[in-house]
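**Student:** Chain by chain, the residues:
There are 2 protein chains.
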Amino acid sequence: MDQLKDRIRREGRHLGRGILKVDSFLTHQVDLQLMQAAGKELAQHFAGAGATKVLAAEISGIAPAAFTALALGIPMIYARKVRPITMPARVYEETAPSHTKGTMVSLIVSPEFLTVGDRVLIIDDFLATGQTIAALARIVQASGASLVGIGSCIEKSFEGGRALLQPLNVDIHSLVVISRFNGNEVVFGDAG
Amino acid sequence: MDQLKDRIRREGRHLGRGILKVDSFLTHQVDLQLMQAAGKELAQHFAGAGATKVLAAEISGIAPAAFTALALGIPMIYARKVRPITMPARVYEETAPSHTKGTMVSLIVSPEFLTVGDRVLIIDDFLATGQTIAALARIVQASGASLVGIGSCIEKSFEGGRALLQPLNVDIHSLVVISRFNGNEVVFGDAG
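So the protein lines, in turn, are chains A and B. Per our numbering, residue 170 is the first one in the first sequence, and the count goes up by one each step. Per our numbering, residue 170 is the first one in the second sequence, and the count goes up by one each step.
These are computed hints drawn from the structure, not numbers from a lab. Where hints are given, some of them may not hold.
In this list, chains with the same sequence are indistinguishable; a pair is considered to hold if it fits within one copy or across any two.
Unchecked claim - No more than 20 Å apart at the CA atoms, straight line, and that leaves these computed lysine to any residue pairs for SDA-like:
#, residue 1, residue 2
1, Lys-190, Pro-257
2, Lys-209, Phe-350
3, Lys-174, Ala-206
4, Lys-190, Ser-348
5, Lys-190, Val-251
6, Lys-250, Phe-194
These numbers were taken from a predicted model, which means no experiment stands behind them.
One chain only, chain A, in its complex shape (with noise of 0.2 Å):
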């Protein structure tokens, strides 16, 4: 996806240790209009999967799959960090590390929103060691619905999450792969 390739270009930095910074356009400050490219773009190359949810981590994954969702016409969920009291005592819960934060987080999503028959999609902001997505999958497996896709915005290849999702045997789909950083340049990979 060319416009986020070029968005990283001009904006994106290399904070050192594979992190790149992307929060003016991405994490913190949001462009819609590149949100709703992706998503569009996401849900095209989903189209055919069949899919009945989104499924996104808190918080930057949000964006990318509300859009995904609203071009395929489907809901999206968000797992949630901390357990509102809005939710029933019985969740699915997994644990994942955050690659910014440096700790261990929650992801909390409650069975009244993922049953048996559902078929979900997980898009997430980044793929990076894809320990989260990993998490949202067994969430998805816990619940006895079937995933069906894994998409990102960015994939860092260089950090190995493709290979651990590899056994989900399904359709794992970036808009952007970044092959390396080259000090301050981003250097791109084949979108995958």
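For this one, chain A is given, so just place chain B on it according to the hints.
**Tutor:** What follows is chain B alone, placed relative to chain A:
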């Protein structure tokens, strides 16, 4: 907004102490068509305010704020609860009590994206006690930007938020106003 009222009537559940469960379409599972309609209506109401940024709070504010910002053609910023390592050390930070979690939460915005000259429209899912929105307004003031309006999807007028925010002297608009709960029944007031 009749579409939102109908949805609250059909799926909303009063859990006691004024807490309304709307996680089947707004705060966990999200109906994007409804959010798009809500965002368009909020954008239309505030079209003359000359906003340059929409400001929201993690997490449930993100979806309605995103669609308002999209309709206005401006970026959205969502205040973070935890400072990610991609953010500079000096940030705008305020705290507010969380209604549904029973704890204090931080609201953090990077000075990179909110500056003198910005005209800020705050959008949230709920206007209840008004304390989260008041904290966002303090961040706007600290940044030197101007607050030009406050919009919410659902106002619970019996919790006094509007009175708390009145001294800010900006237009406050909610798509739906709940004046009280009569046991399980939701009693709507006039939209403000």
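**Student:** None of the hints should be skipped; say for each whether it holds.
**Tutor:** For each hint, the structure was consulted:
no., hint, in the structure
1, Lys-190 with Pro-257, "between (36 Å within a copy, 11 Å between copies)"
2, Lys-209 with Phe-350, "neither (28 Å within a copy, 40 Å between copies)"
3, Lys-174 with Ala-206, "within (13 Å within a copy, 30 Å between copies)"
4, Lys-190 with Ser-348, "within (16 Å within a copy, 44 Å between copies)"
5, Lys-190 with Val-251, "between (25 Å within a copy, 16 Å between copies)"
6, Lys-250 with Phe-194, "between (23 Å within a copy, 18 Å between copies)"
In terms of the numbered hints stated before, the structure departs from hint 2 and from no other.
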